[in-house]
Every structure is written in structure tokens, then in C-alpha cells.
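Going down the list, the protein sequences come from chains A and B.
If you read the first sequence in my numbering, its first letter stands for residue 471, the second for the next number, and so on.
If you read the second sequence in my numbering, its first letter stands for residue 320, the second for the next number, and so on.
Take the hints with a grain of salt, since some may be wrong.
Said to hold, decoys possible - As a list, the in silico DSBU-like pairs of lysine-lysine whose alpha-carbon atoms are at most 30 Å apart:
id : chain 1 : residue 1 : chain 2 : residue 2
1  : B       : K512      : A       : K751
2  : A       : K660      : B       : K512
3  : B       : K503      : A       : K660
4  : A       : K596      : B       : K441
5  : B       : K441      : A       : K590
6  : B       : K494      : A       : K751
As the list claims (entries may be wrong) - Label pairs and their in silico Cβ distance ranges:
id : chain 1 : residue 1 : chain 2 : residue 2 : range
7  : A       : G593      : B       : S425      : 34 to 42 Å
8  : A       : G757      : B       : E506      : 22 to 30 Å
9  : A       : F667      : B       : K494      : 13 to 21 Å
10 : B       : G565      : A       : L739      : 50 to 58 Å
11 : B       : Y519      : A       : G684      : 18 to 26 Å
12 : A       : F670      : B       : A550      : 24 to 32 Å
13 : A       : D508      : B       : H579      : 48 to 56 Å
14 : B       : G565      : A       : V580      : 51 to 59 Å
Claimed, not checked - Short, incomplete list of chain A residues facing chain B, as computed with Cβ under 10 Å:
id : residue
15 : P652
16 : A658
17 : K660
18 : M662
19 : A664
20 : R755
21 : W756
In case anyone wonders, no lab produced these hints; they're calculated from the structure.
Predicted model, so just to flag it, every value in this text is computed and none were measured.
We treat Cβ as the ideally placed atom computed from N, Cα and C, and that holds for glycine.
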Amino acid sequence: MLKENDNDNSAATLATTSSGAGKRSSLRNEGRKKYRFDTTDVANVALFLAVFVGLWQLVTLLELWPKTLLPPPAQVAISISELITNNSLIIGIATSLWRLAAGFAISIAVGGVVGLAMVKFQGFGKTMSSFAVGLLTFPSIAWIPFSILLIGFNDFGILFVVVMASVFSVMISTYGAIRNVPLIYIRASKNMGAHGFALFRHVMIPAATPSLIGGIRQAWSFAWHALIGAEMLITTLSGLGYILAVGREFNDMSQIIAVMITIFAIGLLFDRIIFLRLEEKVRSRWGLNQHAE
Amino acid sequence: MTLIETSPYTNKIKNGSSHQERQEQQKQETLDFIPALHVKDVYKSFDYKISKNNGSSKITNYDHISSEQQQLLSNSTRSFRTSHEVLNGVDLKIREGEFVTIVGPSGCGKSTLLNIIAELDKPDSGSLLIRGTVNDINNALSTKRIMIFQESALFPWLNVQENVEFGLRIAKVHKERRRQIADKYIEMVGLSKFSESLVYQLSGGMKQRVAIARALAIEPEVLLMDEPFAALDVQTRDLLHEELVGIHKTTGKTILFVTHNINEAILLGDRVIVLSSVLKDIKKEFQIDIPRPRDPESPELYEIKKQVLREFEGDLQIAKRK
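Excised from the complex, chain B in its bound form (with noise of 0.2 Å):
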């Protein structure tokens, strides 16, 4: 069985027999491991300003209101705060050159890490540790850590090629090694004809391709992925698990990968984390060593994929309960 069930970096392990063995296993595995990347114990919640006039309500997230919440909501009159946790005290702890994918309900936080990873959102408590240290937030932002969004987030002002060029322009790179670095990822993604194509001309595929050879383009230490193919039909979206693939073992970057999408999951990562929405916290890891490309019709993966979906469901039946 090329299946190993860990959860090495959280205390909620359970298991039989080899209970001892494994965690001898663990103490080797923490003593010779600094990680990339380590998310140690963040929090994180949001505060949300209700108001209520006439009947109407303002929210400016709903999706992270519970319904109890809403409740509240519905019988208010008047303005009030309420704070909704996010994150509890997620520990994650990423190796170099890892591909790990994240995957969870909606609403269970999993962009809002990636989020705080990027940079992007700072936690309440915890604290970012790249290679055993701390992080110092109050830095400008680095370009270690590049975000693929779910939309491309490309700029229609620029073509394709000054889009890739992007980050290298902000970072005062000179013209001709800017156009020469651009040109090796845009091949990369194989788009070397369509360099000169303006945004709205590529297709949403394309679209992605591009916005990931501009995160490549930066030489970022981790690539982090907000669902990136989420918008794209079934056989763009297999032809780009492919590629990106290729673009792990040719490159070698260390990628986190986040998705609701559990045949992505399994496909893509060499480890799988499954976020619950009802702990606000990881529930449990796969770790996933069969070599890719991987076949998603095999029965390994098959396994794999029914002990996912298990977590999952109970954390769907928690919340139908609530």
C-alpha cells in the first residue's frame, strides 16, 4: 500500500498499534526536517459590522456567518459587531520542493491562509516561519511567495508578454534580461506565439497559463494557488494538471495548492490536507506517494479518494446538525 495516513504536526492522531512506532517515526522526521515554510498555530477571525434598517440588511460577507448569526441578524434593529473565527490555531509545516494541496468545504478557511501565507491578510496570533524563522510581517512585501488567483488577475492594459514582465519591471530588472526571463516561462506555459496577444483575446485556460508563468517569472520560493482552475472546463483543466505537473518537476518550486475539488487534490499532491469547517483547523493529512503522472482511474487513488470524501462528510453532517 503506497498510502501512509499522517498527521505528524497536530496532536489529533488516532490510531492502533503502531501508535509507539510511528511516533518514533515522527520525532526522526521533525529532527532532520526545516521546513519551508511553517504556518504556526494562526488564528484568525473576521468582525463583521451588521446593520439593519427597514428590513434590509448590510453584511459584507455572508458566507462566513453562521446561523446563529443570522438569527440574530434577522431579529436586530440595530447595528452591531460580531466576530466569526476563521482559523484555529492551524499548524502546517511545508517541505521544499513539496506539492501540497488543501482541500475543504466552502467556508472552512482554506483562502484565507493561503491569504495570510501571501501576505496578503495578517493573523491575529501566529506566527509565518520560512526555513525556522520568524517572518517579519512588518517587511515589505516579499515576492517569495506568489498568489494564482481564481480569476487570472491579469492586467488588460498589458499584453501577455509585459504581463509576465510584471513583477520583474516592478523589481527594476533591466529590459533585456526582463524580456529574456519572460520568454523562458512564456514557453514554458507554451504560449511563445501568443506573447505579443492582448488579455482579452486568450481564453480563460490561456488566461492561467499566463498568470502562471507571471508568478514563475518572479522566482518566487513557493507558488500559492487559490483554486486556480476552478473556472475552467474538464478538459482544459486536465491538459493544465498536466502541465503544471511538468512545471513542478522542471522548476522544483514548492507549491500549495488550495481546492474544493478533491479529484484535483489527489491527482496533484504529494500530500493532501483536509481543512474542516467545523474545527476551523486542519482534520487530517494524506500523504499520497504514488509517482505521477497519476492515473485518477486507479483504484489507489480510488481509496484514497473515498477516505477524503469521509472527512469531508462528516463535516458536512456537524454542520446539517448545527
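Pulled out of the complex, with its shape left as it was, chain A reads as follows (with noise of 0.2 Å):
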């Protein structure tokens, strides 16, 4: 807040002293969305990738391996810019998007559910929690062999794999955050009358939602570390982990390197613009922010 006041300041100051037009509304745009692109943090971000491409740079100069084991910075452009040409990049992120939005869905419904009968029933849900963290540490690449025999070579294949890595995440956050709701909101909610589905609607799920939310971050994580191995080793003859197989067939490591870039950004964008901002704003309504502030 007193940020963002600063910069209206400096607009205004600068709009009195009749300063270039464009500078002041690039001021102005920078108060508006200060606490998404701060200026310090974009200058320490591009200073970070300029010494990374620097150094990577500066190994392949060296020429310990020979260029095409270790590409430089130079040629892995031109392969993203190849792969986005021929549109293979592009049809190979929706596909994968396609499938991780699939697969995830149908974690959480059916782990949102299994989670809700494991708190509904007692035993169930003590048997079923071992059972659960079991297989939520059980790695996901080792569901594959299973999936090919079972399912085949196709979209449900993949779609298994990653249902399978990420459901137990979503069945266990679910369990834990509907029980460990503080008594005192279900008692005193209770007191005004709500019971059956409202004490679930209006009480249960928005006192979860804080965990809720660190599991389906965890469960996204899982699914999309699954869908790119089940995307190698599952050939559908589309997606990022076959454009990662294909060039691992065929020597281009610049195409490896591209895709990597590609998955990297992916995530990274994920987790920040939908999780991170949606924990942000949770914490923020709750007051669970006060120390970082």
C-alpha cells in the first residue's frame, strides 16, 4: 500500500515538472501492479539468467564436450524457435496441458470424495490413511509397466499414471484438513442452527480451504512430474515427454535442452500465477500473513 502511494508521488511530481509523457504512465503502471512485477525483483531475476546463460556460455567455449552433448545458449533458441515453427512445441504443450488438466480433475474428485468417506467413517479412514501415505510415497514412474499392460499404449494410460501419483495427495489433505477444522467453528456453528450439508458448505470446507490448498499444490506437483515420465515411456506420439523421447532417439540435445526450458517454465508458471496467488490471497483474508509483512 504505502508502495504503491510512493509511486503515485513520483507520477505526480514528475507530471508537475512536465516530464516525457511515456515515462510517467510506465510509473503509474508500475504502482498499480507493484506486488506483481516489482522493479528489484525483475532487475535480480534478469541478472540471475544473464550469469546462468553466461556461464553456460562460457563451459560450452571451453569445449570439455563436444557441441552437440553441451549446445550453447545460441543453438537451443534455435530449436525452441524450430519447435514453435513447426508447431510441435505448441500441440505438444496442449496435449500435455490437456492431459495434466484431466488427469488432475479426477485426483481431486476422487480424492476430495475418498477423503470426505475416511472422515465420515472412522475405520475406514484409519485403514485407508496408511494405506494412502503408502502409496503417496510409492513412485509414480513404477506404475507405468502395470499401466501399459493393463491399459495400453494411449491417453488412458498416461491419464492412470497420473491420476495414480497424485490422487493419494488430494485424499489425505482432504482427511486432514476436514478434521483438524477447530472444534470451536463446528460447535459454535452447530450453536446457530447449521447441520448435515450447510455445516459442510458454509463451515467445513472454507476452514480447510488454507491446507486444502498446500495439498492440491502438492498433488499438482506429483501429477505433473508423472505425466512427463508416463509421456516417455507411454509413446502416444504427442506431448512434452515424447518431444523430450524423440530427441533423445535422435541425438538432438538441443531439443532435449529446449523442452527441459519448456517443462521448467511450465512449472514454474503454474505454481506461481495459480497457486501462489491463490494461497496468497487465502492467507491474506485469514491474516496468516502478519510475520511476512
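Two chains, two frames, some hints: make the complex.
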């Protein structure tokens, strides 16, 4: 808030000294979006990237490995633009994201329902939670042979692995979050006449939201890991993991690195834009951010 | 003397000369008085499962466990069940619009009693009569007796306005009507400026004000307050006492107020009920007919305080001897 005011003031002083109009508007934009694009943040990231790319360039110049094995940044950039112009990257991203969305949606639905059933039926909850914890730590890639033989080399085989990787995380976080809703909220709302579905909708779910978001964020990252692995091993002729596998088959290191950068960027983008923002929103509403501010 | 010492609803009257006279008076009183709320012969005990493994013992609630049981616990090597009596035939009648304060040492079952009245807990035996008719406990929870907790129990995902509207939303009251009612009670507790504020932005006193507004918005018959001001600083508490007295006057609600603070109890109540942790029952009742607002420094109040304290001391001594 303070920062925004500062920027507005500086914009105002600039206006009075009749400086360039473009400069003024850019400052104003910064003021408005200050929590998204802090100039120092952007500068830090730019500096970090520059140093990273510089080091990379340096290593390739030393020629410790042949250029085909460790291509310089420029070559990777060319590879990225090639992948974009022949549409394979766009289609790959679209396919992967579609699979991710479908698998993740199934995970949330199934995990949520089973998690709630675990709360409702205590005996089931106890046994299921230890079972689910076991499967949570189970490496998702280990599901792949099972999935190939059971379902085959198709989208559903990949979906199966993605769901298996993330469903238990959703299940356990739902179970934990609902069970840990402070009793006082439940007592107070029951006293005010809430019961059954109303209690669930107006009290349990909102009270559990902060920890639920954490679990869903984790489930998303599990799903994303599993998806790329499954796409590499369950060949379906599309998806980012497939492009990665093709790169390996043709010994095209710059394509491999190009796809790796894409995967990294998508992961970062989702986590920052969707989950972090969602979490921030909830946390600030609950007043859980007091220490950070 | 404005103080009349009575315990008309229990059989533990000890007095001298005017015994007969008083009994007559009581008879008269019981005849033309149908209590708004009657807690009839309520017994309640809690079961504890105690287990001891490798020297570490697990108890759900240590407060209510007597020293013998603790002794037993420290000597035991396996788990066993024990039960502890909290309320032993409590009988309490409350008039319409009366402000009753219940005071007692910790562990005397005052919160349990309140929970039973709020139907958040079930008694082992005994019943709750509302205007003379037995309350059907199997009914869906009624919203006629609303509890205000020590910690405000406001919902942090809602703002002040939405918190106050909560009960009405559950009752599916229309949006505009909801807003109207909420506005009225938010104004009553003096928080109109803060209706959009979030819970964490409020001070402790403001939170309790919102909790009071939230309870009033449901338009309950009885307000149940479980040490609502115990966590507040003295100045804020004084202020809230004044406001609560004002609210009692304007709304005419029956208020049942539990506290361990004797000053608070005698400052607010029309009737002060002393619960004993030894008897697990009502030990004494004090009718206080001093008009409000009361001066806490006044000699009459001081006199009552001394008497209430005497009841307390006896309790503590017996507990110590045990």
C-alpha cells in the first residue's frame, strides 16, 4: 500500500515537472501492479538469468564436451524457435496440459470424495490413510509397466499414471484438513443451527481451505512429474515428454534442452500464477501473513 | 438492605428465624412463575480412558481428574476407564429476561452446564424444560439459545458483516433482510465502521462485540456466555460490561453468564449462582436488587462480594483437605 502511494507521488511530481509522458505512464503502471512486478525483483531475475546463460556459454566455449552433446545457448534458442515454427512445441504443450488437467480433475474429484468418506467413516479413514500414505511415497514411474499392460499405449494409460500419482495426495490432505477444522467453529455453527450439508458447505470446507490448497498444490506437482515420465515411456506420438524422448532418440541435445526449459517454465508459471496467488489470497484473508508483511 | 439471600429451588436452605415466612414466599413465587428455562436435576459425568505406556500417560482432560484417580493412574500399567462426576443433580430455573451469572472455581462444571443448556452436550440424566415443556433433545439443534465463547469463534474466512449474517444465512433468510438485521446489530455493538473488516484486523474486544452481534442477529431467547470477557484487558472488559448491560436493557434477552470472576458476576447479574466443585451442584444463590449500572466500589456490592467469597473459600478448603 505504502509502496503504491510512493509511486503515485513520484508520478505526480513527474507530472508537475512536465517530464516525458511515456515515462510517467510506465511509472503509474508499476504503481498499480506493484505486487506482481516489483522492479527490483525483475532486475534480480534478469541478473540471475544473465549470469546463468553467461556461465553456460563459458562452459561451451571451453569445449569440455563436443557441441552436439552440450550445445551453446544460441543453438538451443534456435531449436526452440524451430519447435515453435513447426508447431510441434505448441501442440505438445497443449496435449500435455490437456492430459494434466483431465488427470488432475479426476484426482481432485476422486481424492476429495474418498477423503470425505474417510472423515465420515472412522475405521475406513484409519486404514485408508496408512494405505494412502504408502501409495503417496510410491514412485509414480513404477506404475508405468502396470499401466502399459493393463491399459496400453494410449492417453488413458498416461491418465492412469497421472491420477495414481496425485490422487493420494488429494485424499490425505482432504482427510487431514477436514479433521483438523477447529472444534470451536463446528460447535459455534452447530449452535447457530448449521447441520448436515450446510455445516459442511459453510463451515468445514472454508475452514479447511488453507491446508487444502497446500495439498492440492503438492498433488499438482506430483501429477506434473508423473505426466512427463509417462509421456516419455508410454509412447503416444504427442506431448512434451514424447518430444523429449524423440530428442534423445535422434541425439538432438538442443531439442532436449529446449523441451526441458519449456517444462521448467510451465511448472514455474503454474505454481507462481495459480497456486501461489490462490494461497496468498486465502492467507491474507485469514490474516496468516502478518509475519511476512 | 437490598440483598436478599435465597436458594428457593434447592433444598439446601439454612436459616434462622424467618424460615416459615420464607417458605411461604417461595411457594407463592413458584406458583406464578413459569421459568423461561428450567434445568431439571441434571447429572453429568465424563468417562476417561486412561492408558499408561512406558511411564507416559495419556488423558483427554486432566482438569477433571481427582487426586486419587491421578494416584491410580501413576500406579497403573494398563489402560482403564474411569468416570468423573461433573454435575450432580443441578436444578436451576431462570425467568424470562433475567440476567443470571454463574460463578465457581475452575472444574466445577459451569461450562458443562452451559453446554448442556446450549445442547452442545447431553446430560446423563435430567431434562431441560423450556417454558414448562420438556425440550426434545432429538430435535434438530435449536437456535433459541446461542452461545458466546471465550475465544470469539468468529470465522476468519468471513468479514464482520458476513459473520453476523451467518446464522441467518443458515436459516435461509433473504439476502436483503439478512443485511438489514446484521446492520442493526452491528450498529448496536458500535462497529458500523468495521462491517467490511476481516476478523484478524479486529482487537479482542471488537471480536467479542462481533460475537455478541452474531448471536443477537439470530434473535435467540437466551444468550449463553461462557467467560466471554476472560481474555480481555481490564479497561476493555469494563467497557464491554457497560455495553452488555445496555444490550440487556434494550433487547430484554435472558442472559446466562458464566465466569470465574466474582466481581464480574456481582456487577452484572440479577442473580448470582455459586457452583461448588465439591458438591458438583449449586451451593448458594444471591439475589442482587441493586439497579444497574452498578458501582463496583459501592459498600453493598462489597458486602455481597465478601459473602460470595466466603462460599468460595469453603470450597477451596475442602478441596485442599481432600
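How the hints compare with the structure:
Distance hint between K512 of chain B and K751 of chain A is fulfilled; the C-alpha atoms sit about 23 Å from each other, no more than 30 Å. Under the criterion of a C-alpha separation no larger than 30 Å, the hint pairing K660 of chain A with K512 of chain B is consistent with the structure, at around 29 Å. Note on K503 of chain B and K660 of chain A: the hinted pairing holds, with a Cα-Cα distance of about 23 Å set against a maximum of 30 Å. With a C-alpha separation of about 27 Å, the suggested pairing of K596 of chain A with K441 of chain B holds against the 30 Å cut-off.
This hinted pair checks out: K441 of chain B and K590 of chain A have alpha carbons roughly 22 Å apart, not beyond 30 Å. For the proposed pair K494 of chain B and K751 of chain A, the alpha carbon gap of about 25 Å is at most 30 Å, so the pair holds. Restraint check, G593 of chain A to S425 of chain B: a C-beta distance of roughly 36 Å satisfies the suggested window 34 to 42 Å. About 24 Å separates the C-beta atoms of G757 of chain A and E506 of chain B, a value consistent with the hinted range of 22 to 30 Å.
Between F667 of chain A and K494 of chain B, the C-beta spacing of about 20 Å keeps the proposed range 13 to 21 Å intact. Between G565 of chain B and L739 of chain A the beta carbon distance is about 56 Å. The supplied range of 50 to 58 Å therefore holds. Remark: the range hint 18 to 26 Å for Y519 of chain B to G684 of chain A is upheld by a beta-carbon distance near 19 Å. The supplied range of 24 to 32 Å is met by F670 of chain A and A550 of chain B, whose beta-carbon atoms lie about 29 Å from each other.
A beta carbon spacing of about 51 Å between D508 of chain A and H579 of chain B agrees with the range 48 to 56 Å that was offered as a hint. Roughly 54 Å separates the CB atoms of G565 of chain B and V580 of chain A, a value that falls within the hinted 51 to 59 Å. A least Cβ separation of about 8 Å between P652 of chain A and chain B falls short of the 10 Å threshold, and the interface hint therefore holds. The beta carbon of A658 of chain A comes within 4 Å of a beta carbon in chain B, closer than 10 Å, and the hint placing it at the interface holds.
Hint status for K660 of chain A relative to chain B: holds, with the closest Cβ pair at about 6 Å, below 10 Å. With a cut of 10 Å, the hint placing M662 of chain A at the interface with chain B holds, because the nearest CB-to-CB distance is about 4 Å. About 5 Å separates the beta-carbon of A664 of chain A from the nearest beta-carbon of chain B, less than 10 Å, and the hint is met. Using the Cβ-Cβ criterion of 10 Å, the hint placing R755 of chain A at the interface with chain B is satisfied: the shortest such distance is roughly 6 Å.
A distance limit of 10 Å between C-beta atoms decides the matter here; for W756 of chain A the minimum to chain B is near 5 Å, and the interface restraint holds.
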